[in-house]
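*Asks:* Residue strings, one per chain:
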Amino acid sequence: MKTVLSLSVNGTTRDDVIPDNMLLVDYLRENIGLTGTKVGCDGGECGACTVLINDRPRHSCLTLAVTCQGARIETVDGLSRDNRLSALQRGFDEKLGAQCGFCTPGMIMASEALLRANPKPDEAAIRNALAANICRCTGYVKIIEAVQFAAEIANEIADEALAS
Amino acid sequence: MSTSEQDIIPVQSIGVPKPLVDGPEKTTGKAMFAADFQSIEALVGRILRSPHAHANIIRIDTSKAEALPGVKAVVTEADCSDSYGVLPIAMNEWALARGRVRYRGEPVAAVAAINVATAQAALDLIEVTYEELPAYFTAADARADDALDLHQEKPGNIEREVDFDLGDVDQGMAAADLIREVDVRCAEVCQVQMEPHAAYAEYDPGRERLTIRPSTQVPFYVHKMLSRTMGMADSHIRVIKPHIGGGFGSRTETLQSDLIAGLLARKARGTVRVVLSREETFITHRGRPESHIKMKVGMKADGTITATDFSVVQRGGAYSGYGIVTILYAGSMIFGLYDISSVRFKGFRVLTNTPPCGAFRGHGTVKTRFAFEGLIDDMATELGLDPFAVRRANLLVAPTMTENDLLVNSYGLDQCLDWAEAASAWKARKGKMGPNKGLGMACSHYISGASKPKHWTGEPHATIHLRVDWDASITLLTGAAEIGQGSSTVMAQCVAETLGVDMSRIRVIASDSAVTPKDNGSYSSRVTFMVGNASIDAAQNLKATLVAAAARKLEIAPEDVECLGEVFRGGQQDQGLSFDEVVMEALKGEGTITVKGTYDTIPESWGGKKYRGAAIGGTMAFSYAAQVVEVTVDPYTAEITVDKVWVAHDCGRALNPLAVEGQVQGSVWMGMGQAMSEETQYHEGLLLHANMLDYRVPTIIESPPIEVASSKPTTPMDPLGPRKRVKARSAASCPP
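These protein sequences, in sequence, are chains U and C. Here the first sequence is numbered in the working numbering, starting from 1 and rising by one per residue. Here the second sequence is numbered in the working numbering, starting from 1001 and rising by one per residue.
Worth double-checking, as some hints may not be accurate.
To be verified - Where chain U lies over chain C, by a calculated footprint (3+ residues, C-beta under 8 Å):
1. 1014-1024
2. 1030-1037
3. 1193-1200
4. 1232-1245
5. 1693-1703
What the hints assert, rightly or not - With a straight-line cut-off of 30 Å between C-alpha atoms, the simulated DSBU-like cross-links for lysine-lysine are:
6. LYS1452/C x LYS1644/C
7. LYS1518/C x LYS1543/C
8. LYS120/U x LYS1030/C
9. LYS1346/C x LYS1294/C
10. LYS1064/C x LYS1267/C
11. LYS120/U x LYS1610/C
If you're looking for bench data, these hints aren't it; they were derived computationally from the structure. Even glycine gets a Cβ: it sits at the ideal position worked out from N, Cα and C.
Full structure from sequences and hints, please.
*Replies:* This is the structure we're talking about:
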């Protein structure tokens, strides 16, 4: 069976005909070419595929695309605004929260959901928000620092945007 | 450009914390990993795997699969020209099993089809008739007298037996005040790098050429094994390394999926994408072998070690792979950390019906180190000595040669011990932390690249090309495989520092066999040392070219040219020439500037000849580490929580302090996972933990803060002192 899926992806509304059994991650990666979202496991183990569905972090590998009818989807590919890295993208870059970079899209999206809900998280809140995301390079130490740094500069970036 | 005196200083890039040159690609999702390549015509590649741990293949019938609409190619061993492997003397693996399968999940056939459903249906239509054979899942079973040989040329299922007896062990034991033994079994562990294995292969049927993007740490070795397996000329293959989602040794050798992608693309005469599942990535394995270690150490009352007598038996899995090297490292690397001279070693690498093991981070050394560090700790306690005191009683003095002829040209363990002891407040807190809490410590070391490469060709260890053209940007061409460890960044730093220019002038192009010079790849912690030094050499050659051009333009002698990076001048009074002006002058009559830099090791570092394989362990520099861990034990459940880690690391001069810290934290943490929760298990050869929930990689919740210090003794062998700094850590964290 196929369905016309109408949704917003990274701020752009789309209508696509998709099979009902298609996973959101396959829709994003294979159908519309947003390969920033990664597949690191066989389903729900690693968090690399985390995207935002209506501001909430979700495993796109455990989500059927048809269930996203009318939803607002955000992926790492759409976080940069006006060709400027977002606070989290800067944080993961400058603080070396990303080494190989494969878990990074999921880490950044899970952190994005956290900072939207809690702009000044303490370390425990960061750990809880990223508990479903596995990284194999960093030991998580610099990931925590990256999120802390991003939280600090987020306001600064927002102020600059207002001023410009 | 301002030329006022205070402005003109060469830009410093070394010793400065630098984010990765490819960081923004990774944080924006633009970095392309192997599975991210796609095109409308790309076919789906899928692999049929053996359901048996050990069986003869009587017959493979692919006719029904080939007849299925949408199937473009089916390949078996009949499509392979030759076997493949790691060491020239032990290439006994085939991309697709030939005649016999030796572990559950071994690839037997593969298909390329228009979509996943068709590919999967085609696999189900391949008929394979097996004749089951007795299978051996432990080293002991495989070594039994009546066990069938997995490989005819390896009688008794012994891949390699290693034997050495150096110094005088009997006399050393006789001189000891205390002799103690341990008998430990360390579990098999798997790298579980975040990116599952993948390869994207494009075959050009008109020209009979293959272009492939494999997820590998060793593009050059994949290239060699593709030409061998496919019977193609090396020159007809192009290997482009995409972004790589970690390695830790899992991709330090060619994998079947790389070869199968090439075979399928050629047979389908098109483009094929092979992406393994996480389960298949676990089955591909190449992790650290299960090891059984028996060790006896003799010690004087003051902590001086007088003799060491030990044996290691490794369950190596079904094929040779790196096996010979792994068992040699397990013996040879007992040396080089402490001043010990009398050592007897017996090692057995055993072939079993489990997935092949490989060169996991800290290759071969970690479990020996775990046994040794634990044993000398226990002996210290018995003698009433502090664990730090025992280590200090056995320090080396560099430069020196160990009893097995490993060159130790610099040594920072003493400083590492001092820092770890002070930072953890060891003296004030050890033994006084109240119930259920404690401190422990251990040390480790690792090489900075094997001084003798496994394929000896007479070429330099590393070659770098630099190209400068009319736009005055510097293009650095390297074969070194950036896999997330920051190799491209450190090369750019080395070149920028040598020239005194900003790193933004340098663009790194890495690992495209059609463009970049050959490099052996990212393994044995070789890249920063070998390729870093080649980068410095290339930059010095470029600098000489630019200085000569500046001298011509300024009409002064080259030795009178002051090179300040962005400005070349004759003296303070001289306004000088900008970098761009010097480049334009250098291009006159010459055109595009291309220079080369190389690096080679010295024969003294090539290891010894006292026993067969004694070259293994030879390196230009060892890195050293000392580590303290604070833990809490739940008195009711015995659950252990790691509260904090302090680690000091002697990596020579830290070229990129940010990357050193990140690498050290990551490897300490990986060692912790192996010590605490990670273990592969099998039921009659079937992997029980082939996913990231059952194979317990630590999450952020159970991962402690890790405080890092990197010390600064430099090796006398090179100008800037680059030294790879990763691997020593996982050893100090003690695996299970």
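*Asks:* Next, verify each hint and record whether it holds.
*Replies:* Going down the list of hints, with the structure as the test:
Residues of the stretch 1014-1024 of chain C with a Cβ under 8 Å from some Cβ of chain U number 5, which satisfies the need for three, so the listed coverage holds. Counting residues of the stretch 1030-1037 of chain C whose beta carbon lies closer than 8 Å to any beta carbon of chain U gives 6, which meets the minimum of three for the stated coverage. Coverage of the stretch 1193-1200 of chain C by chain U holds [criterion: at least 3 residues with CB-CB distance below 8 Å; count 4]. A count of 3 residues in the stretch 1232-1245 of chain C with a Cβ less than 8 Å from any Cβ of chain U is obtained; the coverage claim is therefore met, three being the minimum.
Figure legend: the stretch 1693-1703 of chain C, annotated as covered by chain U; annotation consistent (6 residues with Cβ-Cβ distances under 8 Å, at least 3 required). Using a Cα cut-off of 30 Å, the hinted pair LYS1452/C and LYS1644/C is violated, with the two alpha carbons roughly 38 Å apart. The straight-line distance between the Cα atoms of LYS1518/C and LYS1543/C is roughly 23 Å, inside the 30 Å bound, and the hint therefore holds. Taking the CA atoms of LYS120/U and LYS1030/C, the gap is about 28 Å. The hint holds against a cut of 30 Å.
With a C-alpha separation of about 10 Å, the suggested pairing of LYS1346/C with LYS1294/C holds against the 30 Å cut-off. Note on LYS1064/C and LYS1267/C: the hinted pairing holds, with a Cα-Cα distance of about 17 Å set against a maximum of 30 Å. Restraint check: the Cα-Cα separation between LYS120/U and LYS1610/C comes to about 62 Å, which exceeds 30 Å; the hinted pair is violated.
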